[in-house]
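Undergrad: Under my numbering, the very last position in the sequence shown is 74; numbers go up by exactly one each time.
The hints are simulated quantities; they were obtained by calculation from the structure and are not laboratory data.
Hints may be right or wrong, so weigh each one.
[Unchecked claim] Taking lysine to aspartate or glutamate and the DMTMM-like style, the derived pairs with C-alpha atoms no more than 25 Å apart in a straight line are:
(1) 41 to 30
(2) 40 to 30
(3) 73 to 45
(4) 58 to 45
(5) 34 to 45
(6) 34 to 65
(7) 61 to 31
(8) 50 to 30
(9) 72 to 24
(10) 34 to 68
(11) 27 to 45
(12) 40 to 24
(13) 72 to 36
(14) 73 to 36
(15) 50 to 65
(16) 61 to 30
(17) 50 to 24
(18) 72 to 30
(19) 58 to 24
(20) 27 to 68
(21) 34 to 24
(22) 58 to 31
(23) 72 to 31
(24) 41 to 31
(25) 61 to 36
[What the hints assert, rightly or not] Quick list of the computed label-pair ranges, beta carbon to beta carbon:
(26) 73 to 17: 16 to 22 Å
(27) 19 to 64: 17 to 23 Å
(28) 34 to 61: 16 to 22 Å
Positions of the beta carbon are idealized from the N, C-alpha and C atoms, including for glycine.
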Amino acid sequence: MPVVTPTWVRLTLADKVKIIEESKKSDFCRKKICQEFGISKATISQILKNQKTHLEAYDYYSKKS
């Protein structure tokens, strides 16, 4: 079995908002999102758990600029 070296993926706030928006679609697939962004299912769960905070921050920074 090959050794897998963990890699860190830093998601932007816009990426997190995109994942939240995708999660609201009827054909949402965690596996597809994992592959697209190179993240784990646990990361998706954390993003969705904290979606209110992410959306508020996105609104704040998008109005500021």
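Undergrad: Could you run down the list of hints and mark each one as holding or not?
TA: Hint check results:
Pair hint residue 41 plus residue 30 holds up; C-alpha atoms about 14 Å apart against a cutoff of 25 Å. Between the alpha carbons of residue 40 and residue 30 the distance comes to roughly 16 Å, so the proposed pair stays at or under 25 Å and holds. Distance restraint check for residue 73 and residue 45: the Cα-Cα separation of roughly 29 Å exceeds the 25 Å cut-off, and the hinted pair is therefore not satisfied. The suggested pairing of residue 58 with residue 45 holds, with an alpha-carbon distance near 20 Å, which does not exceed 25 Å.
Between residue 34 and residue 45 the alpha-carbon distance is near 16 Å, which keeps this suggested pair within the 25 Å criterion. With a C-alpha separation of about 20 Å, the suggested pair residue 34 and residue 65 falls inside the 25 Å cut-off, and the hint holds. Distance check on the hinted pair: residue 61 and residue 31 sit about 15 Å apart at the alpha-carbon level, within 25 Å; holds. For a cut-off of 25 Å, the pair hint linking residue 50 to residue 30 stands: about 16 Å separates their Cα positions.
For the given pair, residue 72 sits about 18 Å from residue 24 by alpha-carbon distance, which is consistent with the 25 Å threshold. A C-alpha spacing of about 21 Å is found between residue 34 and residue 68, which places the hinted pair at or below 25 Å, so the restraint holds. At most 25 Å may separate the alpha-carbon atoms for a hinted pair to count; residue 27 and residue 45 meet this at roughly 12 Å. Our distance criterion of 25 Å between C-alpha atoms is met by residue 40 and residue 24, whose separation comes to about 16 Å.
Straight-line distance between C-alpha atoms of residue 72 and residue 36 comes to about 30 Å, which puts the hinted pair past the 25 Å bound. This hinted pair does not check out: residue 73 and residue 36 have alpha carbons roughly 33 Å apart, beyond 25 Å. Proximity of residue 50 to residue 65 is assessed by CA-CA distance (about 23 Å); at most 25 Å being required, the pair is judged to hold. For the proposed pair residue 61 and residue 30, the alpha carbon gap of about 12 Å is at most 25 Å, so the pair holds.
For the hint pairing residue 50 with residue 24, the CA-to-CA distance comes to about 15 Å; that is within 25 Å, so the pair holds. Proximity of residue 72 to residue 30 is assessed by CA-CA distance (about 19 Å); at most 25 Å being required, the pair is judged to hold. A C-alpha spacing of about 15 Å is found between residue 58 and residue 24, which places the hinted pair at or below 25 Å, so the restraint holds. Between the alpha carbons of residue 27 and residue 68 the distance comes to roughly 13 Å, so the proposed pair stays at or under 25 Å and holds.
Proposed proximity of residue 34 and residue 24 is supported: the alpha carbons are some 16 Å apart, at most 25 Å. Restraint check for residue 58 and residue 31: satisfied, since their Cα atoms lie roughly 14 Å apart, inside the 25 Å limit. For the suggested pair residue 72 and residue 31, the alpha carbons sit about 22 Å apart, so the restraint of at most 25 Å is met. A C-alpha spacing of about 11 Å is found between residue 41 and residue 31, which places the hinted pair at or below 25 Å, so the restraint holds.
Taken as a hint, the residue 61 and residue 36 pair is honoured in the structure, with Cα atoms around 22 Å apart against an allowance of 25 Å. A hinted range of 16 to 22 Å for the beta carbons of residue 73 and residue 17 is inconsistent with their spacing of about 27 Å. Between residue 19 and residue 64 the beta carbons are some 19 Å apart, a value that agrees with the proposed interval 17 to 23 Å. One distance hint, 16 to 22 Å for the beta-carbon pair residue 34 and residue 61, holds here, with the actual separation near 19 Å.
Comparing the model with each numbered hint stated earlier shows that hints 3, 13, 14, 26 do not hold.
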